[in-house]
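Once you have looked at the hints, place chain B on chain A.
Number of protein chains: 2
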Amino acid sequence: MALITVGTMAFDAIETPFGKIDKIVGGSATYVAYAACNFVTPIQQISIVGYDFPQEEMDEMKSRGIQLDGVEIVPDKKSFFWSGKYHIDMNTRDTLVTDLNVLADFNPVVPESFQGAEFLMLGNLMPKLQMSVIDQLRVRPKLIVMDTMNFWMDIAMDDLKAVLKKIDVLLVNDGEARQLSGELSLVKAAREILKMGPKYLIIKKGEHGALLFHENHVFFAPALPLEEVFDPTGAGDTFAGGFIGHLAKTKDISFDNMKTAIIIGSAMASFCVEKFGPERLKEITKEDIDTRLSEFVQLVNFDIDLV
Amino acid sequence: MALITVGTMAFDAIETPFGKIDKIVGGSATYVAYAACNFVTPIQQISIVGYDFPQEEMDEMKSRGIQLDGVEIVPDKKSFFWSGKYHIDMNTRDTLVTDLNVLADFNPVVPESFQGAEFLMLGNLMPKLQMSVIDQLRVRPKLIVMDTMNFWMDIAMDDLKAVLKKIDVLLVNDGEARQLSGELSLVKAAREILKMGPKYLIIKKGEHGALLFHENHVFFAPALPLEEVFDPTGAGDTFAGGFIGHLAKTKDISFDNMKTAIIIGSAMASFCVEKFGPERLKEITKEDIDTRLSEFVQLVNFDIDLV
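Line by line, the protein sequences are chains A and B.
The opening position of the first sequence corresponds to residue 1 in my numbering, with each subsequent residue numbered one higher.
The opening position of the second sequence corresponds to residue 1 in my numbering, with each subsequent residue numbered one higher.
Any given hint could be a false lead.
Since the list gives no way to pick one copy over another, a pair counts as held whenever it fits inside one copy or between any two copies.
[What the hints assert, rightly or not] Below, simulated DSBU-like cross-link-like pairs (lysine-lysine); rule was C-alpha separation at most 35 Å, straight line:
1. Lys20 with Lys142
2. Lys188 with Lys205
3. Lys20 with Lys161
4. Lys161 with Lys286
5. Lys286 with Lys188
6. Lys195 with Lys20
7. Lys205 with Lys195
8. Lys282 with Lys205
9. Lys205 with Lys275
10. Lys251 with Lys77
11. Lys286 with Lys205
12. Lys20 with Lys77
Hints in this document: simulated from the structure, not taken from any laboratory.
Just chain A, with the same shape it has in the complex (with noise of 0.2 Å):
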């Protein structure tokens, strides 16, 4: 059972009110596949980078079953960088820097070996990109699963609307899943993009948790309440990442199923949030997560008896 993510793997320097790192290895790609590994195994990764993207990072990687062989390597240009800042309450953040480096020549090839890939996960990136590598699998996956951004609507809606007919599970945060939908209500904003293509979506507000949507039914999944957050970048794509792990490990691709894939990436995206980067999902066990996922099921069990 093998899944395919697409993204970026990349370096970043951030800064959060709790503290401030110059170089650290980001990227979507790179969260997804830190996430989903815990779960699946062949993760097979598509994705750019330049000369300077750490060795010992892919050989890391690699241990933990991820393929790197649809990563190009390019010899003379930098991995793409980029350097962002959160605000005190870590909701908002600005860019300061974006370098595009190698993301500037990206054109995703599909290695002869990911054909037959039952799972495909399109991280963040230009709409006709993941459409490319949607076009290059002969046999269409199980499961397609894209995550997109504000920033392809403002430039490149067509292509994104033209990726969303191919799609199952959408990704998106509330504010842009109002700005693609026109809607204010984030029901009505749902039931729009529902008729854009996919058949479920999903809709993350951050600490407020996410919501998933298939047809008139919605469920809620929380973020844990956690004492501090110390630095929230790759949060939605390790979210991702566990999501669609759990649904490849289990290979049921249900509403009810896709429940439960929900809490886990919450679990996930929770320990993403301790440390700067990927470095706390390098550290955690099976242990650690079957403990985090014990504290959702505290957080919103309930009994209720209906008279």
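Then chain B, alone, in the frame of chain A:
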């Protein structure tokens, strides 16, 4: 099993993005009572109104088991009046007018017939008045729940802290929890507030649900994702009314039953916002409430196998 409610009975003028109304019955005790009387009677109301408060509203309340012996009617003054305008996102509002009128002279007197009540809901009110009611009760109620707001933290923090030492459950919103504790993280804020007196703390986050803290436990109840929030006025009071109404009905003040009570409070609040003022609360039936409760079960229910 009697429940004493203390708070305002008032007129409101409300403007939301969806409509405008120049005069409708409102006030914290009004909402609490209309919500709680679905679960327990008698509700023993302590409040103050002017000559202009409608007799029909009083009759309606009495017909629902709300005793008004503790409601002072001032023959030559007007009822408390509040006017507010909601912003487009409905999470924030501007107060346009606050005419205290009779409220300036409010000096709550607990009627002899209310002595012995086992549940006390202190609606948002000057802390000294809340304290006065506690002091007048010869037998301490089994459970005292208190609502308050940032206004009292600004001008009467010492009085507020004195009341905190006397109560069991405090209800505040997220901003107020931060202000009261001086902590940005809600988990840290809760820990500090629980040191101030209350054994239980409920932090209301509006459309993002509510958190219940007790010792080292935390429980999260979502708000129902609604297609339209017509008017949020009174939602917090309605939540409080559903919460304490269920506890009084079941006579069970355990943490587990408080979880259920919070879900019931959230369900009642989800009705409140569907129409202006307490109108919707007067229409709903037991069947409506049960249907909504089962929607909450659907919303958060998931199965997870911890291996």
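Right, here's what the structure says about each hint:
no., hint, result
1, Lys20 with Lys142, "neither (41 Å within a copy, 50 Å between copies)"
2, Lys188 with Lys205, "both (16 Å within a copy, 21 Å between copies)"
3, Lys20 with Lys161, "neither (37 Å within a copy, 37 Å between copies)"
4, Lys161 with Lys286, "neither (38 Å within a copy, 44 Å between copies)"
5, Lys286 with Lys188, "between (38 Å within a copy, 27 Å between copies)"
6, Lys195 with Lys20, "between (42 Å within a copy, 33 Å between copies)"
7, Lys205 with Lys195, "both (21 Å within a copy, 30 Å between copies)"
8, Lys282 with Lys205, "both (25 Å within a copy, 33 Å between copies)"
9, Lys205 with Lys275, "both (20 Å within a copy, 26 Å between copies)"
10, Lys251 with Lys77, "neither (39 Å within a copy, 70 Å between copies)"
11, Lys286 with Lys205, "both (26 Å within a copy, 32 Å between copies)"
12, Lys20 with Lys77, "within (26 Å within a copy, 60 Å between copies)"
Against the hints set out earlier in the document, violations occur for numbers 1, 3, 4, 10.
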